[in-house]
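These are the residues of each chain, in order.
There are 2 protein chains.
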Amino acid sequence: MNGAESLVRTLLGGGVEVCFANPGTSEMHFVAALDRIDGMRCVLCLFEGVVTGAADGYGRMAEKPAATLLHLGPGLANGLANLHNARRAATPIVNIVGDHATYHRQHDTPLTSDIETAARPFSNWVRTSGSARAVASDAAEAIVVARTPPGQIATLILPADTAWNPAEAPAAVPNVPARAQVAERAVTEAVRMLRSGARTALLLAGSVLRAHGLQMADRIAAATGARLLVGNSNARVERGAGRVAAESIPYVVDQAVAALADLQQLILVGATPPTAFFAYPNKPSVLTPADCRLHVLARHDEDAVQALEWLVDAVGARAHTPKAAAYQPPTLASGAITLDALGQSIAALIPEQAIVVDESVTSGRSFLRSSRSSHPHDWLKNMGGSIGFGLPVATGAAIACPDRKVLCLEADGSGMYTLQALWTHAREGLDVTTVVFSNRSYAILRNELANVQAGKPGRKALDMLDLGRPDLNWTGLARSMGVEAGRATDMDTFNRELQAGLRSKGPYLIEVVL
Amino acid sequence: MNGAESLVRTLLGGGVEVCFANPGTSEMHFVAALDRIDGMRCVLCLFEGVVTGAADGYGRMAEKPAATLLHLGPGLANGLANLHNARRAATPIVNIVGDHATYHRQHDTPLTSDIETAARPFSNWVRTSGSARAVASDAAEAIVVARTPPGQIATLILPADTAWNPAEAPAAVPNVPARAQVAERAVTEAVRMLRSGARTALLLAGSVLRAHGLQMADRIAAATGARLLVGNSNARVERGAGRVAAESIPYVVDQAVAALADLQQLILVGATPPTAFFAYPNKPSVLTPADCRLHVLARHDEDAVQALEWLVDAVGARAHTPKAAAYQPPTLASGAITLDALGQSIAALIPEQAIVVDESVTSGRSFLRSSRSSHPHDWLKNMGGSIGFGLPVATGAAIACPDRKVLCLEADGSGMYTLQALWTHAREGLDVTTVVFSNRSYAILRNELANVQAGKPGRKALDMLDLGRPDLNWTGLARSMGVEAGRATDMDTFNRELQAGLRSKGPYLIEVVL
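Residue numbers (our numbering), protein chains in the order written: chain A, 40 to 553; chain B, 40 to 553.
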């Protein structure tokens, strides 16, 4: 057994069953080992940003890590932006990067770089295996790190000779630490705050945003009058019919400040304090009022669901029946295309247990409003703010959940970052319907240019925000990568196209011309 | 004047006239300043790997830096791979990265990351401006660093508030240090070696690979019997009719070792010792024989051309007439498409003073042989080995030299990494003809899998190297981004398509189906 084989067997033993890959020469022995050993699904992506984004989507839905396989420092570099997003989403990933053979690095050949340093800002753990015999135990540790709550990025760097030199047996993967229970005083203090009569909200994030956690939160809110808040972006929310909906804090600073203006107390349940996404001149970074008291009920690595259970009992809310939405989708919209009409039709058609990967940026906001009573679905958003997230995450989600439809809501500017994912949709026959909102601009930046008070923009500035001249042809791009596609310029066509996409069992892309 | 204006005026004063950009919210004040101040050409790229690659192509041809404008840590991350290539090519770049406002970073909002650490492995210099008043002098220093021989990557990180807060005047850019002259003893020793009677070669790299430096080297070779060698990849070589050709060290290790087997002495002229690109089991990393003596005539930051001038005089070679190739291109090839036929037709048609950006990997090797007597041209190759270099570098080269035709030889696997560059070709109307060698595989990796002795590949391994299933449609991809395109499946069609591309004054892409 060589180091590469000990790696693959250790990964399989630790429950890592999918490898998203774009390998090169230094990873050829790993590729050969993946080939020889049954059980690992290998998914080729034509750019590393697709690799790491797919691992993010997979990890969010499978609740266990996929492996990546990247080619030296630059291959890692290409994957860092979506690794950043995954880290912010607390997605477990075993991020494997090949390097030159240990004895070759001294020659500083063209592809040499300091991989550890490049990885560190975007990883929770970084290790370079020193020898083939160390690969198995290093991989086992990487799996444990990745699976440690709330989920982490473990980057394992493997010099080429650690793959081809002899190794011993694969390593057994130790038990993963469970989520820590919150301290009793954290619950006691929350109870005191909820009974104080002050205007109080729970801000929910992370693991509590599934159906059960939201029901617990709803019981608490009903019994105490507290508001239920969620941030603008969450890694995975269970929404729609049968689920409890919480109030979303707006992205726009002034709106967010207004929404939180009367809060006297905020209890953080797996969440961090609400802050502005960006700084703007003469606007606050902190969104809560200056005299609002913040209390951490559960950190994001603690067992926030259990904390809510305790809180339910402590405030006597166990008997309350959570007020979940009934299935009552909107009707299909018709006529001219508007963002509201699109949100309405999507909400009307979204299938049961769909996974909605939402990188629609400015265009998709109406979907959130329209879909409260749609079929139950999971809703995945970008937690790191680095665009190019949607198409890759849809890739990984579809591989994690082959029996569920993935609906990818994608902005044109963001979609262009990692459009290579469409080829993987086609190759793997993934059940992903993508809607591209083609407004031919970085529309959010038009707002942001105003928000930062930089004055009235001229031609050169507007050109930097404009994706027209020439217009991108998204149906052409999709078809050129093997994905069936249609274009909609009115709502009736859009409805037909979306129905066609959702009916198909493979990838489909709809370009909506706004 | 705010910090952003002081930046733009300092850049313009330092001769930085082009900014390749993909800005975001934190860079909006820079965008506004670029808008208000005349003189800076702003080029929008739809992915940051295109931004940094374009700056590489621009810097190589303009011999001065372009600026980039990137959006926080993930925007930088997306640009790092082509920054790596540029650093290895010693291209001057002023790499500007926006960050959150200084007072906002403490909140660790979604897009926050450690930008300095991420930049360091791929930069020669990294600085974060601490205030708006520091931006001008920091930018001036960045320009000096970028222009310091042989050319460097200067990464300047600008928190958003350093853009919008008040600043003073722009800073004057200090003089750039000239290339250091080599020590006299380095020349004396080279003379001694060349006269020793031992089998000797000069290995040339960097600035000596222009017409004049190659002529000097040829004189020395003629007078002393030394061989003239160049590495497999060089940042910029002047080739073709009227130019002296040197012998290229093969990429394949066994071939390279054989080519250098009888060398007793090697004189490095701006070059580093020849090494294998990758390590392979049981093959050497160092390509020269164990007893070959290496001598550094000039480091890559020293004035290697002047060193050759001195050497010419010292060995009495001034009177020799360099043996340059006459213009005698091959005829057009016809019949079935083969790599040799493609090389022949390209060599037949390449226009005078074309800039050839070569990322053809396995497919373009015959071009090198066929084009020795073609019209004179510049030949730019990837110095860092990170694929996705070609289309962006062609973008920047075309902007640096609007009167010259750019011919981009691109492999399909590499081209997919940064295909977004085609949109910029279209928007800017760049005079770039791209030939995509569509072999539907990472063909080099099929060889490499054999080279690393990983055994006979099975289906899963071959799938990781295969770009088919589905086939990429490159003409469709190009047209969908506004670039005219044609497909060739035989040589006569290829010849017609290449002629059409070269005749057009705008972007054109030819997909060659291999």
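Be aware that one or more of the hints could be misleading.
One copy or two, it doesn't matter: identical chains are merged, so the pair holds either way.
Stated by the list, open to error - Below, in silico cross-link-like pairs of lysine to aspartate or glutamate (DMTMM-like), each with a Cα-Cα straight-line distance of 20 Å or less: (1) K495 to D77; (2) K362 to D340; (3) K499 to D510; (4) K499 to D77; (5) K499 to E56; (6) K495 to E286.
Hints listed in this document are in silico derivations from the structure and should not be mistaken for laboratory results.
Predicted model, so just to flag it, every value in this text is computed and none were measured.
Hint check results:
1. K495 to D77: between (61 Å within a copy, 16 Å between copies)
2. K362 to D340: For K362 and D340, neither the intra-copy (28 Å) nor the inter-copy (71 Å) Cα distance is at most 20 Å.
3. K499 to D510: within (18 Å within a copy, 38 Å between copies)
4. K499 to D77: Answer is between; shortest inter-copy Cα gap is 10 Å, intra-copy 55 Å.
5. K499 to E56: between (49 Å within a copy, 14 Å between copies)
6. K495 to E286: neither (34 Å within a copy, 57 Å between copies)
Hints 2, 6 from the earlier list are contradicted by this structure; the remaining hints agree with it.
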